[in-house]
Structure formats: structure tokens, C-alpha cells
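Chemist: Listed here are the chains, written in short residue letters.
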Amino acid sequence: MRVHQVVPRLDAGDAIGNIAMSIHQALVRLGCEARIFAYDMDEYGRRFASFDVAYREFMSEERDLLLYHYGLYCDNYRLFQESRNRKALIYHNITPPGFYEAFLPEAVRLCTLGREVLAQLTECDLALGVSDFNRRELVAMGFPEERTGVLPMHPPVEKLEAADEDPRLARWLADGKVNLLHVGRAVPNKRCEDVIRLFACYHRGVNARSRLVFAGPLPINTYYSALLSLARRMGVADRVFFLGKVSDGALKACYRRSHYYVSMSEHEGFCVPLLEAFHFGLPVLAYAAGAVPETMGKAGVLFHDKDYPLLAELLDRLGRDAFLRERILEAQRARLDEFGEEHFTEGIRKILVKLASGARREQEAAQAMVEEIAEEVEKG
Amino acid sequence: MIEVNGKELDEHGLRARAEARRRAGLYDHRTLALLERDIVEEVEEHVFSMIQVVFDLQRALEDKGARLEPPGDLSAGEEGKGRLISFMRRLQTRFIRAVNEGYVQQQEKFNTFFTKAVDVSYRQLCGAGGGLEMEEAAERRDAWVSRRPEWGEEIWREVPEWGSGAAVVVGIPGCGFLEALRDGGRLLLALDTDDLIVAEAQARFLPAWFHPRPLEVLVHLDTAGVGMVVVAFPECLSGEEVDALAAWASSRLGEGGVMLLALNRGWSNGLCGEDGFVRYWSRRFLEKALRRHGFACGESSAGGRVFLRGEKTA
Numbered sequence: 448m449r450v451h452q453v454v455p456r457l458d459a460g461d462a463i464g465n466i467a468m469s470i471h472q473a474l475v476r477l478g479c480e481a482r483i484f485a486y487d488m489d490e491y492g493r494r495f496a497s498f499d500v501a502y503r504e505f506m507s508e509e510r511d512l513l514l515y516h517y518g519l520y521c522d523n524y525r526l527f528q529e530s531r532n533r534k535a536l537i538y539h540n541i542t543p544p545g546f547y548e549a550f551l552p553e554a555v556r557l558c559t560l561g562r563e564v565l566a567q568l569t570e571c572d573l574a575l576g577v578s579d580f581n582r583r584e585l586v587a588m589g590f591p592e593e594r595t596g597v598l599p600m601h602p603p604v605e606k607l608e609a610a611d612e613d614p615r616l617a618r619w620l621a622d623g624k625v626n627l628l629h630v631g632r633a634v635p636n637k638r639c640e641d642v643i644r645l646f647a648c649y650h651r652g653v654n655a656r657s658r659l660v661f662a663g664p665l666p667i668n669t670y671y672s673a674l675l676s677l678a679r680r681m682g683v684a685d686r687v688f689f690l691g692k693v694s695d696g697a698l699k700a701c702y703r704r705s706h707y708y709v710s711m712s713e714h715e716g717f718c719v720p721l722l723e724a725f726h727f728g729l730p731v732l733a734y735a736a737g738a739v740p741e742t743m744g745k746a747g748v749l750f751h752d753k754d755y756p757l758l759a760e761l762l763d764r765l766g767r768d769a770f771l772r773e774r775i776l777e778a779q780r781a782r783l784d785e786f787g788e789e790h791f792t793e794g795i796r797k798i799l800v801k802l803a804s805g806a807r808r809e810q811e812a813a814q815a816m817v818e819e820i821a822e823e824v825e826k827g
Numbered sequence: 002m003i004e005v006n007g008k009e010l011d012e013h014g015l016r017a018r019a020e021a022r023r024r025a026g027l028y029d030h031r032t033l034a035l036l037e038r039d040i041v042e043e044v045e046e047h048v049f050s051m052i053q054v055v056f057d058l059q060r061a062l063e064d065k066g067a068r069l070e071p072p073g074d075l076s077a078g079e080e081g082k083g084r085l086i087s088f089m090r091r092l093q094t095r096f097i098r099a100v101n102e103g104y105v106q107q108q109e110k111f112n113t114f115f116t117k118a119v120d121v122s123y124r125q126l127c128g129a130g131g132g133l134e135m136e137e138a139a140e141r142r143d144a145w146v147s148r149r150p151e152w153g154e155e156i157w158r159e160v161p162e163w164g165s166g167a168a169v170v171v172g173i174p175g176c177g178f179l180e181a182l183r184d185g186g187r188l189l190l191a192l193d194t195d196d197l198i199v200a201e202a203q204a205r206f207l208p209a210w211f212h213p214r215p216l217e218v219l220v221h222l223d224t225a226g227v228g229m230v231v232v233a234f235p236e237c238l239s240g241e242e243v244d245a246l247a248a249w250a251s252s253r254l255g256e257g258g259v260m261l262l263a264l265n266r267g268w269s270n271g272l273c274g275e276d277g278f279v280r281y282w283s284r285r286f287l288e289k290a291l292r293r294h295g296f297a298c299g300e301s302s303a304g305g306r307v308f309l310r311g312e313k314t315a
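As given, the protein sequences belong to chains P and W, one line each in that order.
Quick note on numbering: the first sequence equals residues 448 to 827 in the numbering used here.
Quick note on numbering: the second sequence equals residues 2 to 315 in the numbering used here.
Think of the hints as simulated: they come from the structure by calculation, not from any bench.
There could be a bad hint or two in this list.
Said to hold, decoys possible - Some chain P residues judged to face chain W by a derived CB distance under 10 Å, without partners named:
(1) ALA549
(2) ALA735
(3) ARG774
(4) GLN779
Stated by the list, open to error - Away from chain W, derived, C-beta distances all over 10 Å, residues of chain P:
(5) PHE498
(6) GLU612
(7) HIS706
Cβ atoms here follow ideal geometry from the backbone N, Cα and C, with glycine treated the same way.
Please put together the full structure from these sequences, using the hints given.
Modeler: Below you can see the structure in the form of C-alpha cells.
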């Protein structure tokens, strides 16, 4: 079986790219002929993908399968529309444009466009969300519910485990301070400002021997500048660190040497860093929004109100109450097991079977119709 | 509501502790107000990316062997110290002058935005993780902090009897002293550049904050009722900071208000050469700083420690 994946970008550390790579590996394990095509890519992506124009060669093959990843507006959606492969859309979610209004008008335009285009992609055999939250959005967008589903996920923790921990960063983070960690792009829907607020309360009121680390790209200068300004105003600028995009080794050091993972995000399609934090044994405190409750399952700390002094006390309690912390970590480990490789590969296999059997059923129906017409012609 | 492993957590204990900290003064009105401030209010209109320019400049500086040394106290702020400022100065001479003279003469606004953009880009490229080794500086600082003397019980008993009104303590000479002030109903806030002692004070619900440049915090402090300012380690402040602190105290203290500076080092310490030694301020220098801002100087002692005592005159 030949399976193609088309993605907007294939970059190291990028969420969509990571999922595409996990699927690619699962496809190879299942004995499929697998390819990845990307609109653009970085050095890392070049090792695995071809530019999406090369996919045109396979578009007319009705027996081939296409998995199209959609998480932001990208011109290659036309390839998906024009393709005659059996098609599955994998929806990673598009941030509601409102989040960007004050910071990046261009992003507002792209997100709006992205959501408009999504409504034009309903002609497919299967539409998968990376979470049920995303699946429900697809249904709301007009995708027939019976043709929707949830893609199993597998966080790329093996890749992180295999990386050599950045020794300098590890030394810096292991200096006795309590490290709060947030991983991901610093963009407005992640509400990095709220993470700073929580840290300010913890640092000011509970434990001055602490620091906050943001590991992830800083794509919007206006937002980043506003975050720095807030940290300065709150008197914690010297203890809030933005590392920018980091290598796997640096990310591993961040996870291994931090004490808590904090998410204040108000819109997430899945949120892989939560599971990475589970893997590295960090108690996770996350705001219950978007797909976050679904990803966390019944593990970790989920809060519904951003009461910063209260959450600062909770961090303090987790530091003092080893029993509570261990119970959380145990639940997190159990939750992470549900995202294991075998489960993921099996999930991918089922999706392929569903797509392929749908194709077979249609072929059989078409064949039956042809035979019926031929019979009628003979009789006539 | 807070859920732990899917079950609702009993928040009563946490709420009580948060409230106790609020009552103890660990969260002031300003901090609480900032928790509500919309991030959009922090947005400045014209911040544009200069990443490539800064990256090229950084490379050029490194190639030429220019070293952007961190300061001894690890400050990276806006006080004219630190690698960022050092970097910015080089940048200003190299770039802004060229841009100014060549293309946009007398456009101050442009310069402001340009500088801001460079600042943001610099932090993105050269900040923690991408920046310079700070370990040596941190070791120096630890050595310095570990040599600060802790005050004994006699001082705890005597100093809180001096002056009147609430006290602000700059530099924490042990939590016992702060507890004595609190028990006497006199502790407004203690500040320190050492997070370890601050964390110890916070664990005892004492109003103590960490800041590498304490004056930046003091200017925002609601100081109604303040009658005493205690500077436990004047030698840990730069000359500018001592002067600014005296000016701040002068503006906040009423007539009869007291500013105490502990005289921890004699003149012979100035040449001691010990690890982590920072500086020695002569008594003359400290007196001059106090007098300049309207304090009459005298001397007090408690528990074998001598204090320079400045009393605010009319």
C-alpha cells in the first residue's frame, strides 16, 4: 500500500512535523510505502520530505492513500482538493484569529483564511482530529460526523530521550532554584503572560529561589516584547528566561532539570508538551481549555480558574507533599502509557483499513452498478 | 475548581495560606493589580525584527575578541551595567550613528523603536541558553553573599526599639531580625539580592522580596507610615545605589525618621583580598550621602555592631 502525507512544513521540533514523522514511522513498520511532501522545510525536514509539487505525480492514483495535515493556511490544500487518492484530512486545529488581533494582523488574516478553507475540504473519505475537541470542530465546520474520527497520538519522547542533554543548560538549571517550565511557541493563545503572572506570585510570595523558563520559538516580536515588558513591570524580569527555539538536547535538559510544567493556554488542539512533561516526571499544572483536559485525562493538575496566589500555594504544597506529588506522577505515567507506540501503530493500521475498505466498498458498488447496467442493456 | 488526577481538590488549606501571605504583605496592591492588567496594554506599536542584524553584529564582535563580561552581581538591567548594556553601547555607536547620519537625522522616535527592536532581538539570540557563561560570576556572587554577617539576638531586641513607624529593611541579616520587627508590628518589607535568605523569610510568612536591584522595587512601594529604613549591608550596594537609597528614604520619611546603615567593615577590610569581597564604603562617604539628602548623622550600636544613624531633619 502506498501512503502519502502532505504537510505545510516539516521542521525539527514542530508539532505537525513531529506527528507526521510518527505516522511515517508507523507506516514503515506496517510495511507501507510511505512518503512525506511539504510546502517548505528546514534542514531536518530535508532528510525526510520532498517539496509538495512532487506529490502531483501520485495524485491520480486512486489506490493510493493521502493523509493531509491541516493546521494553518497553506496553498497546498489545492493538492488535497485535486487529488484522486483515498483522502484523509488530519486536523491539528487553527487558532481563533481573535487571539492575534492586538499583536499580528497578518496572523489574523491567515487564521481567518485557514478556517474558511477548512470548510472547503469536506470532500474527503475521512476527517480526523488529533483530539476529540478537534473532531467536534470538524463536525461544526460541516464534515459529516460519520466520516470523522480521532487520530491516535504518540509523543516523540524517544527522540528526546535519544538526544544528549545540553550540559551547559543542565548545569545552569540544576543550581538549586525551583524551575517552572513552559514549552511551545510563545504565541498569544498560549497565554504566556498568565504563566508569568503565576510565576510572579510564586516568586514574590512563596519561593524567591525560583525561575521561569520558556522553551520555544518567539515568532511574534510585539507579543514577545509585551511579555518582557510585563515581566519587568512585575519585577521578575531577571528570573524569566526565554530560550527561543531549542535543540532536542536543550529541551531534554529543560524537562529533566525543571520541577513543574505549567500551561495557561486557552486554545490547544492537543498539546504534546504535556505528555512530554509526563514522560520526564514533571508534575503538570494546566488550565482546562481546548483539548487540554482530554489530553491530560485523569492525570496531573487541572484548574478551571486562574487564581494565581492559590496556584502558587499549590506549587508550594507539591514541593512539600511528596505523597501528593508521587500520586500525580503515577497517574501521569499511567496516562502516558495510553499513548504508547503499539497503540499508536494499531490506531494507524485501523485508519488505513477504514480508508482502504471504504475504497473497496466503493469499487464493488461501482462494479455492481456496471454489471446491473450491462444486464439491463442486454435485456433491452 | 482545581482537579488533581481527575478529583476535586479541597482548596481550603491553600486559600488560607494565600490569604495569610496577602495579610502578611507578601503581595502588595500593585502586584495584585498587575495580575489583572491586560497584556495588550504592554504592546508597543513599532517593534520590528532585527534578528539578522544583531546576529551579524554579535558574530562580528566575537570574531574581534570583544568580550561582553557579566557584572559581578549578575545584574542585566537598565542601570548602566551588565552585558546587555555593554552590548547596546557598542551597537549604538556602530549602528545608530550610521543610520542617524545617513538616513534619518533627528528622528528620536526611530531611535527608540530601533533600540527596542535590537533589545528584543538581542535577548532572542543571546539570552539564556544562547548567551554567555555566567557560572564564574555566580560563584563570585555566592562567595560574597555567604560572607554577609547574620545579626544576633541582642540586635534583634535593640534595633526594633529605635525610631518609630514601619520599617523597610534592605539586605536581610537573618530571619530572626525580621521576626522581631514583625512581632513589634514594625516590618513593612524586607528586600534582598540573595534569593536564598528571601525564600527562608517567605517560608515564615515574612514580607520579603527578592530583586537584584532593590531600588526598582522601592520606588513602587506604598510607604505610608514608614519611619525607619535599615540598610544591613551597604557594601553590597554601589555608590549610586547608596545615594539613590538615601534620596528615596529622604522623600518617604517624615521629620525624625531614621535611616540606619550598618558599618560591617573597617578601613582595613578595603585591602583584604578575600574571595567574593565586593567593596568597602568609608564612613565619610556614607555620612556624606546621608547629609546630602537631609539627614543629621550620628552613631548607635547594638550587640557589638556599630550603625551610622541618619535622622531626617525638617
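Chemist: Could you work out which of the previously given hints the structure breaks and list their numbers from low to high?
Modeler: none
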